[in-house]
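A.B. asks: Listed below are the residues making up each chain.
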Amino acid sequence: MNRPAIIIVTGAGGVGKTTLSAGIAAVIARRGARTLVITVDPARRLADALGITMLDRTTNRPTLVPGAGPLDAVMLNVTASWEAITRRHAQPEVADRLADNPYFRAVADRFPAAQAYAAGEQVAEFAQSGNWDVLVVDTPPAEGGIEFFMAPRRMRDLVGGRLLRWLTGARLPGRRMFYRTAARPMLRLADTLLGSALLEEIADFLLDLRTLYDGLAARAAAIDRLFGQAKVLVATTDSPGAMREASRFFSSLPEINASPDALIFNRSLPDTWITARGPKGAGVEDAALRENMARWSIEARRNRDARLEMAARLAVPMATVPWLRHPPTDIAGLADLIDRAAGLTAILETVTA
Amino acid sequence: MLERRLIIVSGKGGVGKSALSVALALRAQRTGKRVLICAMTDQVGVALHLGADRLGYAPATFHGGIQAMAIDRADALDEYIKLQLRLPAAAPTRALSRAMQVLVDTAPGIREVITIGKPIFDVWQGHHDLVIVDAPPIGQLMSYLRAPAVVADLVPTGTVRDQSRRMATMLVDPAQSLLVLITTPEELPALETAETLDDLESERLITLGAVIANRVLPALDLPPERLGKLPDRPASEAAAHHLGLLELQELTLALLPIDIRLPYLFGIHTPAEVSAQLADAWDDAL
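Sequence order for the protein chains is A and D.
Residue numbering for the first sequence follows this note's numbering, beginning at 6 and increasing consecutively.
Residue numbering for the second sequence follows this note's numbering, beginning at 1490 and increasing consecutively.
Treat the hints with caution; some may be incorrect.
[To be verified] Stretch by stretch, here's where chain D covers chain A in the computed footprint (C-beta under 8 angstroms, at least three residues):
#1 218-225
#2 233-240
#3 246-254
[Stated by the list, open to error] Below, a sample of chain A positions facing chain D; criterion: calculated Cβ distance under 10 angstroms:
#4 T68
#5 E290
#6 A305
[What the hints assert, rightly or not] Label pairs and their in silico Cβ distance ranges:
#7 G1545(D) with A347(A): 41 to 47 angstroms
#8 D101(A) with E1684(D): 27 to 33 angstroms
#9 P1712(D) with D341(A): 29 to 35 angstroms
#10 A1541(D) with D101(A): 34 to 40 angstroms
#11 P1712(D) with L69(A): 28 to 34 angstroms
#12 A1563(D) with R345(A): 48 to 54 angstroms
#13 L1716(D) with D276(A): 39 to 45 angstroms
#14 S252(A) with M1490(D): 29 to 35 angstroms
#15 N65(A) with R1575(D): 50 to 56 angstroms
#16 A287(A) with E1684(D): 45 to 51 angstroms
#17 A1541(D) with A223(A): 46 to 52 angstroms
#18 K1718(D) with N65(A): 28 to 34 angstroms
#19 R345(A) with G1540(D): 54 to 60 angstroms
#20 Q1573(D) with L69(A): 55 to 61 angstroms
These aren't lab readings, by the way, just hints derived from the structure by calculation.
Built from N, CA and C at the ideal position, the CB exists for glycine as well.
Turn these sequences into a full structure, and let the hints steer you where they fit.
C.D. replies: In structure tokens, the structure reads:
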């Protein structure tokens, strides 16, 4: 069975990742590849275009997108968190004990890597099913999507236990070991700072978590490999925050075994605005149009400069998608948007080749 | 607002948190206050808006008086340990704190207390009249605000419990601490701000000082029905673009109780110019 090609679309929140992912999947499916678009939280109209109903949102079951060729869509349930991960990997009594641990209850559920990791596990399952030739993944918005890539390692680190070894001083500790080594100076300090009851709760939590390690570490390594083989498309707009996030991907992804393959500059402004001056008339309306043109002429210049600067600095292929007043919300319109985007078709051909 | 001791500034990534933290500091400085800006997780934004390259853990002085620093996790932990163990600042605790870093990095919740603890400790030390915190993006804000209370509940006894409790008490006191939330007239920043307002309403960890809409577009005096009839193509496209954004702007800002609107600064400006112009606009808006 062939592994599917995986395309991950990432970038800061609000740059249009979900729309771009849906369009890219539609274009690929139109060429006949069995395609699954995995999305996170589509706006209502986009969910309708993908044929995702409220019921599908809770079941994680891919459904056929009507009138789009061999295209399925699924919405990831990112609320699945620690509870779901422990139920999957731990013995039932361990999962119960974890759920009752005060430390676990107070803070572990907010460990952001858990949600991102759960999403990664679901993507891996779809990849292994053999049902699709191409998966297009729209990343969850936490930390601009970087969390999604880091999560497998963070989970393995937490469960694999640098902290546990630190607390217990042993590679494969037992509960007794913890109390016997509790006289070490570092623990005495931690004890002064945090109180021994909290330390014991943390240690209990980590010891129980340790029983998940083998299953979870193997799974996390597989997800990490999957991300490493995926084609990563980083989406941005000309907003300073989005560009900063996009640049962060280029500096961080190599560390996490993935590298960006292309940049998609969404909502680019027309270069024709840069030199436009507006109508010359003396009327009130022409004056308003001139003033507005002057504003947007300088914005169009900033937009073009940002594109050129990023393309030169990041040295990857770049595609531009024009700003549209009303972005398409049906599958044909989404596919057309991607087809007409300068440079994107060439990028997709290298990705799916 | 400037009479408080601690102002925490947050918003979705990219809405202008650092620019407005600096703008707020400029305004406080004009009234003669000794101000410290404390950058919690973004090491660069505040520095750029002060016209500098980067910030260190030790406060540096800018613009004739504003002090600014960035939290370094290792330094913050070292200082925290000294405070907890009541050791002098010069005590050689580096090796200890480096070893403790494992605990802080891996155990969720503890890092947040130490990070938010730094600006609070500075308030307690009293070197500044006002400490402005350039806080993490709004999605992480609640876990930082909750952290002192969470740790105070988890730790049964001792100085950490007492200090965490004191931190939580200070955050919730409207005479001492306020939260300023920044949004832009775009869908996602506004929705996340609305969600956070709901969380604050139910959890009451800190008092809301203001919701600020940044990068608000000016009105365009052109009836929409004129759009299809304009001869000049780029001007017509730009007008349609502007009117489209205005429509979105009104829809999103209607979701929120906006206290102050600050204008979109068209044109190319240095970050230091942006924060100075926003400080003026903020004063004008009041």
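A.B. asks: Could you run down the list of hints and mark each one as holding or not?
C.D. replies: Status of each hint after checking the structure:
For a cut-off of 8 angstroms, the count of residues in the region 218-225 of chain A with a CB near a CB of chain D stands at 0, and the three-residue condition is violated. Against chain D, the region 233-240 of chain A contributes 0 residues with a C-beta closer than 8 angstroms to a partner C-beta. That does not satisfy the three-residue criterion, and the hint is violated. Check result for the region 246-254 of chain A against chain D: holds, 4 residues qualifying (beta carbon to beta carbon below 8 angstroms, three or more required). Of the supplied interface hints, the one on T68(A) is violated, with its beta-carbon coming no nearer than about 26 angstroms to a beta-carbon of chain D, more than 10 angstroms.
For the restraint placing E290(A) at the interface with chain D, the shortest Cβ-Cβ distance is roughly 6 angstroms, inside the 10 angstroms limit, so the hint holds. For A305(A), the interface hint holds, the least distance from its beta-carbon to any beta-carbon of chain D being 8 angstroms, beneath 10 angstroms. Take G1545(D) and A347(A): their Cβ atoms lie about 44 angstroms apart, and the range 41 to 47 angstroms holds. Checked against the given bound of 27 to 33 angstroms, the beta carbons of D101(A) and E1684(D), roughly 32 angstroms apart, stay inside it.
As the Cβ distance of P1712(D) to D341(A) is approximately 30 angstroms, the hint placing it in 29 to 35 angstroms holds. Between A1541(D) and D101(A) the beta carbons are some 53 angstroms apart, a value that contradicts the proposed interval 34 to 40 angstroms. Under the hint 28 to 34 angstroms, the C-beta atoms of P1712(D) and L69(A), about 45 angstroms apart, miss the expected range. Between A1563(D) and R345(A) the Cβ separation comes to about 50 angstroms, which falls inside the hinted range of 48 to 54 angstroms.
Checked against the hint of 39 to 45 angstroms, the pair L1716(D) and D276(A) fails, with Cβ atoms roughly 21 angstroms apart. Here the CB-CB span from S252(A) to M1490(D) is close to 34 angstroms, well matched to the stated 29 to 35 angstroms. Between N65(A) and R1575(D) the CB atoms are about 53 angstroms apart, so this pair conforms to the stated range of 50 to 56 angstroms. Between A287(A) and E1684(D), the C-beta spacing of about 49 angstroms keeps the proposed range 45 to 51 angstroms intact.
A hinted range of 46 to 52 angstroms for the beta carbons of A1541(D) and A223(A) is consistent with their spacing of about 47 angstroms. One distance hint, 28 to 34 angstroms for the beta-carbon pair K1718(D) and N65(A), is violated here, with the actual separation near 50 angstroms. Distance hint check for R345(A) and G1540(D): the Cβ-Cβ separation is about 42 angstroms, which falls outside the suggested range of 54 to 60 angstroms. Checking the proposed 55 to 61 angstroms range against Q1573(D) and L69(A) shows it holds: the Cβ atoms sit about 59 angstroms from each other.
Comparing the model with each earlier hint shows violations of hints 1, 2, 4, 10, 11, 13, 18 and 19; every other hint is respected.
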